[in-house]
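Asker: Top line first, the protein sequences correspond to chains A and B. Taking this note's numbering, I'd label the letters of the first sequence as residues 62 to 296. Taking this note's numbering, I'd label the letters of the second sequence as residues 20 to 374.
No wet-lab data here; the hints were simulated from the structure. Don't take every hint at face value.
As the list claims (entries may be wrong) - Here are the simulated DSS-like pairs of lysine-lysine, each with C-alpha atoms no more than 27 Å apart in a straight line:
1) Lys250/B x Lys105/A
2) Lys250/B x Lys326/B
3) Lys84/A x Lys105/A
4) Lys145/A x Lys213/A
5) Lys68/A x Lys103/A
6) Lys98/A x Lys84/A
7) Lys103/A x Lys364/B
8) Lys105/A x Lys145/A
9) Lys364/B x Lys291/B
10) Lys281/B x Lys105/A
11) Lys281/B x Lys250/B
12) Lys281/B x Lys364/B
13) Lys108/A x Lys366/B
14) Lys366/B x Lys103/A
15) Lys258/A x Lys273/A
16) Lys62/B x Lys291/B
17) Lys108/A x Lys364/B
18) Lys98/A x Lys68/A
Unchecked claim - Residues of chain B clear of chain A, computed beta-carbon distances all greater than 12 Å:
19) Thr53
20) Arg89
21) Pro175
22) Ile194
23) Asn238
24) Thr246
25) Ile277
26) Ala292
27) Arg350
28) Val353
We put the beta carbon where it would ideally sit given N, CA and C, even for glycine.
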Amino acid sequence: MNLTTTKTRLKGAETGHSLLKRKSEALTTRFRAIVRKIEDAKLKMGKVMQNASFSLAEVAYITGDISYQVRESAKHATFRVSAKQENVSGVLLPAFERDTRTGGGSQFELTGLGRGGQQIQKARAVYMTAVEMLVELASLQTAFVILDEVIKLTNRRVNAIEYVIIPRIENTISYINSELDEQDREEFYRLKKIQGKKKERAAVAQRETDAKATARREMPVRDILAEQVDEDIIF
Amino acid sequence: MNEIYFNAYAGYLEGVVRGYRDGLITAPQYLNLTQCETMDDLKLQLATTDYASFLQNEPSPMSTSTLSARCTDALVAEFQYLQQNAAEPISKFLDYITYGYMIDNVILLITGTLHERDTHDLLEKCHPLGFFDTMPALCVATTVQDLYSTVLVDSPLAGYFRECLSAEDLNELNIEIIRNTLHKAYLEDFYAYCQSLGEPTASIMSDILKLEADRRTVNITINSFGTELSKDDRAKLYPRLGNMYPEAQTRLARVDDIDQVKAILEQYSEYKAMLVGVSLGASSGGTGANDVTLEDRFFAREVQFNKDSFEQQFHYGVFYSWLRLKEQEIRNVVWVAECISQQQKDKINNYTSIY
Numbered sequence: 062m063n064l065t066t067t068k069t070r071l072k073g074a075e076t077g078h079s080l081l082k083r084k085s086e087a088l089t090t091r092f093r094a095i096v097r098k099i100e101d102a103k104l105k106m107g108k109v110m111q112n113a114s115f116s117l118a119e120v121a122y123i124t125g126d127i128s129y130q131v132r133e134s135a136k137h138a139t140f141r142v143s144a145k146q147e148n149v150s151g152v153l154l155p156a157f158e159r160d161t162r163t164g165g166g167s168q169f170e171l172t173g174l175g176r177g178g179q180q181i182q183k184a185r186a187v188y189m190t191a192v193e194m195l196v197e198l199a200s201l202q203t204a205f206v207i208l209d210e211v212i213k214l215t216n217r218r219v220n221a222i223e224y225v226i227i228p229r230i231e232n233t234i235s236y237i238n239s240e241l242d243e244q245d246r247e248e249f250y251r252l253k254k255i256q257g258k259k260k261e262r263a264a265v266a267q268r269e270t271d272a273k274a275t276a277r278r279e280m281p282v283r284d285i286l287a288e289q290v291d292e293d294i295i296f
Numbered sequence: 020m021n022e023i024y025f026n027a028y029a030g031y032l033e034g035v036v037r038g039y040r041d042g043l044i045t046a047p048q049y050l051n052l053t054q055c056e057t058m059d060d061l062k063l064q065l066a067t068t069d070y071a072s073f074l075q076n077e078p079s080p081m082s083t084s085t086l087s088a089r090c091t092d093a094l095v096a097e098f099q100y101l102q103q104n105a106a107e108p109i110s111k112f113l114d115y116i117t118y119g120y121m122i123d124n125v126i127l128l129i130t131g132t133l134h135e136r137d138t139h140d141l142l143e144k145c146h147p148l149g150f151f152d153t154m155p156a157l158c159v160a161t162t163v164q165d166l167y168s169t170v171l172v173d174s175p176l177a178g179y180f181r182e183c184l185s186a187e188d189l190n191e192l193n194i195e196i197i198r199n200t201l202h203k204a205y206l207e208d209f210y211a212y213c214q215s216l217g218e219p220t221a222s223i224m225s226d227i228l229k230l231e232a233d234r235r236t237v238n239i240t241i242n243s244f245g246t247e248l249s250k251d252d253r254a255k256l257y258p259r260l261g262n263m264y265p266e267a268q269t270r271l272a273r274v275d276d277i278d279q280v281k282a283i284l285e286q287y288s289e290y291k292a293m294l295v296g297v298s299l300g301a302s303s304g305g306t307g308a309n310d311v312t313l314e315d316r317f318f319a320r321e322v323q324f325n326k327d328s329f330e331q332q333f334h335y336g337v338f339y340s341w342l343r344l345k346e347q348e349i350r351n352v353v354w355v356a357e358c359i360s361q362q363q364k365d366k367i368n369n370y371t372s373i374y
């Protein structure tokens, strides 16, 4: 009974192990791809940011400080980020995307009307791409962190199953097996013993009967006639 | 007749301003500045200029914004010295120069009021040259209506506000349009005032102000493409003076793209020369190291006019010119500093050199 359940458990553990292993492999492939993308994005980011801050310097050269005007004329966000969920072999990865639905034109398009408007618009466009890059990088980075954790978790599970659970079950099985064998052997021995005893007993009985028989055979037959010694009768 | 009394009223100040002019950074000095590798080097190089005393107490990792702030401090200190020593006709001229900054400050405060910000913080952001006595009182006003009726009426700018805006406009119009309307009114008023000063101030200032007006016209035209600004509104923002007034302005008011602007500008010999080698579509795509924008050409031309005004004596234009040159110089220094701190050495020579 127990052996069967344990064996089923072993089978379950093995299937789980192979499944988890496959999952971890899939995740690792994904992880590698993300790492590569992050590297690219980060390198690009440096360039884009440099460009962006330089275009701001150009604005400062032509127009002077516009930060306050821009801040005050911003009434609602023109750039929105929406989060979606992506399923990669059972792991939910958040993916950030630029929400294009709110197109709404630039509110400070008239800033720098007198001078430097072109530079401001240019700086705006450059920063827009920079922010887009940032959003992309952010989703990659979160995916990176989450995947990292999940991969570690999965690997831990795989290893736990491989090195702890499966051996433990196997141990149990072998123990059960050895116990059963022991029982078998005991039974067998007992049977043998009983058989021996029986044989012995049978032999003794046989011997007794034999002895009786011989005894009976050897015992002189009573000759009643001889016993009876009659006095001679004289007539 | 002006020349006879000129030195009695303005001789000292003119001397001072010409002295200031000699303190402007020269081409070899610019070359030295552009050779710098770090901000500390730059600071060391600036120690030989007029900015030395304003920069010496700055702690070593100096940002470009502090550099710009300190340089502006230097400019303001010099200008205020002029103002403090000025007597009647010239002090009025100097006041006129500051009105432009006042407009910017007032606009800043109005924006703050409209968005219900604490206007006290804004006072620090105001340009010190545009500071006027009643300006702190602007912080008291909580609504735009108050602002107009209690404070602005007493300020030197009241005239401009009265001419072009009613209190309702302050709430409704885009703040940038208000700013440009005010600047337009200011330019026209300043021009009229300069004309009343008589020769040679009138002719020198008229050249400079006309250029300024033309620049505003062209910039407003180019920058209003693709915005909500209607063509009628655009025409209203053009200053009513300048070489292009009125004929080219009416045509500029109707154009739709940059090539048409170019075609109109090419009819003026002085602007035709400016357009050579200029990429007007600079707003789209990255500009290379050697691309020149129209803005740069206007700067160069403005510098040229301002330099020319020093060639004559007995006029007030030098004060205006010196201020403009000094501003340009600060822009140049900050530009060089930006290029150094951002390590974009290939564009470092895009400044507009003065001497």
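Asker: All hints are to be evaluated individually against the structure, with a verdict given for each.
Answerer: Hint-by-hint comparison with the structure:
no.: 1; hint: Lys250/B x Lys105/A; in the structure: violated (41 Å)
no.: 2; hint: Lys250/B x Lys326/B; in the structure: violated (36 Å)
no.: 3; hint: Lys84/A x Lys105/A; in the structure: violated (31 Å)
no.: 4; hint: Lys145/A x Lys213/A; in the structure: holds (24 Å)
no.: 5; hint: Lys68/A x Lys103/A; in the structure: violated (51 Å)
no.: 6; hint: Lys98/A x Lys84/A; in the structure: holds (21 Å)
no.: 7; hint: Lys103/A x Lys364/B; in the structure: holds (23 Å)
no.: 8; hint: Lys105/A x Lys145/A; in the structure: holds (24 Å)
no.: 9; hint: Lys364/B x Lys291/B; in the structure: violated (30 Å)
no.: 10; hint: Lys281/B x Lys105/A; in the structure: violated (36 Å)
no.: 11; hint: Lys281/B x Lys250/B; in the structure: holds (18 Å)
no.: 12; hint: Lys281/B x Lys364/B; in the structure: violated (31 Å)
no.: 13; hint: Lys108/A x Lys366/B; in the structure: holds (16 Å)
no.: 14; hint: Lys366/B x Lys103/A; in the structure: holds (24 Å)
no.: 15; hint: Lys258/A x Lys273/A; in the structure: holds (22 Å)
no.: 16; hint: Lys62/B x Lys291/B; in the structure: violated (39 Å)
no.: 17; hint: Lys108/A x Lys364/B; in the structure: holds (15 Å)
no.: 18; hint: Lys98/A x Lys68/A; in the structure: violated (45 Å)
no.: 19; hint: Thr53; in the structure: holds (15 Å)
no.: 20; hint: Arg89; in the structure: holds (15 Å)
no.: 21; hint: Pro175; in the structure: holds (20 Å)
no.: 22; hint: Ile194; in the structure: violated (7 Å)
no.: 23; hint: Asn238; in the structure: violated (5 Å)
no.: 24; hint: Thr246; in the structure: violated (4 Å)
no.: 25; hint: Ile277; in the structure: violated (10 Å)
no.: 26; hint: Ala292; in the structure: holds (21 Å)
no.: 27; hint: Arg350; in the structure: violated (5 Å)
no.: 28; hint: Val353; in the structure: violated (7 Å)
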